[in-house]
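Protein sequence lines correspond, in order, to chains A and B.
Okay, so the first sequence: first residue is 11 according to our numbering, each after it adds one.
Okay, so the second sequence: first residue is 11 according to our numbering, each after it adds one.
Watch out, some of these pointers could steer you wrong.
Copies of the same chain look alike in the list, so a pair counts if it works inside one copy or between any two.
Said to hold, decoys possible - Below, simulated SDA-like cross-link-like pairs (lysine to any residue); rule was C-alpha separation at most 25 angstroms, straight line:
| # | residue 1 | residue 2 |
| --- | --- | --- |
| 1 | LYS192 | LYS217 |
| 2 | LYS275 | LEU307 |
| 3 | LYS146 | ILE133 |
| 4 | LYS319 | GLY243 |
| 5 | LYS217 | LYS236 |
Since the hints were made in silico from the structure, they are not lab data.
There are 2 protein chains.
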Amino acid sequence: MLSIYFFGLCGLVILITLYCWIVKGWCAAVEIIECVPNFSTSDPKVVEQILNEIKRARNVFLLDYTFDDYYSRLVVSFVGDKKSVVEAAVNACAKAAELIDMRKHKGQHPRLGAVDVVPFIPISNVTLEECVELAKEFGEKLAERCSVPVYLYGLAAANATRGDLDWIREGEYEKLGELIVKPGREPDFGPAKFMPKFGAAIVGARKVMAGFNVNIGTADLKVAKKIAKALHGHKGGFANVKAMAAFIPEKNICQIGMSVNDFEKTPLYRVFELLKVECERYNIPIAGSEFCGLAPLKSLIDISAYYLKIDNLTEDRVLEIAVQNAMEKGGAFE
Amino acid sequence: MLSIYFFGLCGLVILITLYCWIVKGWCAAVEIIECVPNFSTSDPKVVEQILNEIKRARNVFLLDYTFDDYYSRLVVSFVGDKKSVVEAAVNACAKAAELIDMRKHKGQHPRLGAVDVVPFIPISNVTLEECVELAKEFGEKLAERCSVPVYLYGLAAANATRGDLDWIREGEYEKLGELIVKPGREPDFGPAKFMPKFGAAIVGARKVMAGFNVNIGTADLKVAKKIAKALHGHKGGFANVKAMAAFIPEKNICQIGMSVNDFEKTPLYRVFELLKVECERYNIPIAGSEFCGLAPLKSLIDISAYYLKIDNLTEDRVLEIAVQNAMEKGGAFE
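Turn these sequences into a full structure, and let the hints guide you.
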C-alpha cells in the first residue's frame, strides 16, 4: 500500500516538472500578432458592437481604439496568437459589414469600404512573411463569410502596383463601381462587382508603423492640403510617409494626419520639423499633436535622442524593457 | 483497482489546477526591487569581481553597469526579489570592501567610501516604504559583515538633515576622519570611527531617478562648474536636480553630470533647455548627452511630448507596454 503512494508521488512530481517545463517553454516563445482594422464609422453604437466582437474573443486582447467624426473612422488595435487574431478579425469585420452602410458614409479619410484596411503586424516570435500568409487567410475567410470583394495590399499583394494603397483607393468608394470591373483591377478574393452597402476591404501585412496627427492653427483646408502634400511620399515628401489634411469643425483648425511606415528610417522628429518648416511659410502655428493608436517605443527613443542629443539610447536601455527582458530571459523570478 | 486509478487521476487534476492557480497568482504579484550601488573604482579587474557577485546570485538579474576613469566610479543596476537583492548587494559590497582601497582613490565624483551609495528602488509590487526597510536591513548587514560605518540617506534617514546626501558627503572621504567622530555625525550602523581603507557607505531608498550627463564643448572646468551650479537644486537650480561638473581628459571637454530625482515634476527637457540657456551665455555648444544607467520610460515620454507637442501620450499608450500589460492581465496567452 505504501509503495502505491510512493510511486504515485513520484509520478506526480515528474508530471508537474514536465508540465512546468512545457508551459514555460511555450510561454517563452509565445507568438504575438497585432491587428489594426480601420472601420468606416463613428457611430458609438456601431463602434461598441464591433469592439464587443474583439472583447469576447478568446486569447485576444483589445489594446486601443480611437474614432472621430471628422474622419468618420474607427481604428482598433488588438493582439493575440495567429488563429485567435484571424478569428476575432473576421468576426469584427463581419459585424461591420452587417452594421455599416457605405451609401450613408461621409468622412475626410480616404476609404474604399466599411472595412477599409486590415493590416496584420508581427510583434513577437512571428515573421512578417507569416503575417502575409495570415492576411491572405483572413482575406479569403472574410470574402467567403460576407461575400464581399477583398484587395490585398503591401507585401501581400501580387505586385507593387496592386500593393499600393493609393492605387487601390483611387477615386475611393465613390468610384469603386466603375473601377472594380476593369481588367487588372479585380479583387484578390470575393466577387469582382460593386457592393453598394460594403464597398471593398483592403487587407495586408506590415511592420509596426506610427500614426501621427498634427493639429495646425489654420481653418484653411487648402493650405493644409499643400502642407500635407509637401510631406507625402508619393508627392515628393518623405519616402515612408503618407500625409493628408482634414478640417476639424469643433476646433476650427486643420489636422495633418500621417502614417509613418518606417519610422526608424524616417524618424518622427524629422517629419515634425519639416512640417514646422512648411507651416512657418504660411505663419501657421503648431497647435498640438497626437499618436493615432499606440506609440512605438523606438519612435519615442528617436525623438528623445534627437532633441537631447543622446548618444547611447536603445530599447534595451529603457528601464521597463530591461526589467521585462530580464524576467523573460531567466524566469528565475518564479 | 480501477477506482484507485480514477481517484489518483482526480487527485492529480486537482493538484495541477491548484499548482497553476498558486504559481500564476504568485507570478502576477511578483515583487521586483532594483538596486543601484555605486562603487569607487574604475579598475576593470575589480569591476569584474564585483559584477560576478551579482551574476552568480540566484533570482537576481544584472541590468546594466557603467564605469569611467574621470569619475573613477562604477554604477551597477540589478533587480530581484527582496531577499535576493539584499543578499546580492551585501556580497557585491563586501567584495568591494575587500578589493578597493580608498587611500589610493582619485575621481571627480564626490564620494565617501569604497561603496559610496546604495539605493533600493521599488519597481513593481513593492512600496517605497518597504524599500526603506530593505535599506535598513541591508545597511545593518553590511556594517556587521565588514565592520564598516554605514549612513542612511533620504527617506531611510532619521531626519531630513541626516538624509541629505550633500550633508553626509561633506568634505568627502578626505574629511571623513575628522567628521565621523563629531556628535550628531555618528553613522547609523557600524563603528563611529574612520576606516582608511573603506571610508563609509551611504544606504537608502528612493523612487526611480534619471542619471543624465551632458557633454559641453569647453575644456574650462571653472565655467562648467558655474553651469552645474545653475542647475543644482541646493544652489538655486531645480528642486529635484543634483548637478556637478567634471573634466573628460580624453575628449578635452567637460561634462555636466546630473541626477534628476523626480523627473515627472522636473522633466529632462526642462533641465536640458536650461542647461542650453546657461551654455549659450558662454557660447558653449552642447556636444552630446547620455543616460547614466537605464532610461525610465516616463522621462522619454515627457521629452517626446514636449518637443512634438503631443497631447495624449501615457505609458500605457506605448505599444510595447500595452502588449506587456495585456499579457499580464489576461494570462490567456498561456
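Evaluated hints:
1. LYS192 with LYS217: Neither: 31 angstroms inside a chain and 64 angstroms across chains, both beyond 25 angstroms.
2. LYS275 with LEU307: Both: 15 angstroms inside a copy, 22 angstroms across copies.
3. LYS146 with ILE133: So LYS146 and ILE133 pass the 25 angstroms test inside one copy only (18 angstroms; across, 42 angstroms).
4. LYS319 with GLY243: Classified as between; 23 angstroms across copies, 27 angstroms inside a copy.
5. LYS217 with LYS236: Neither way: LYS217 and LYS236 sit 28 angstroms apart in one copy and 48 angstroms across, limit 25 angstroms.
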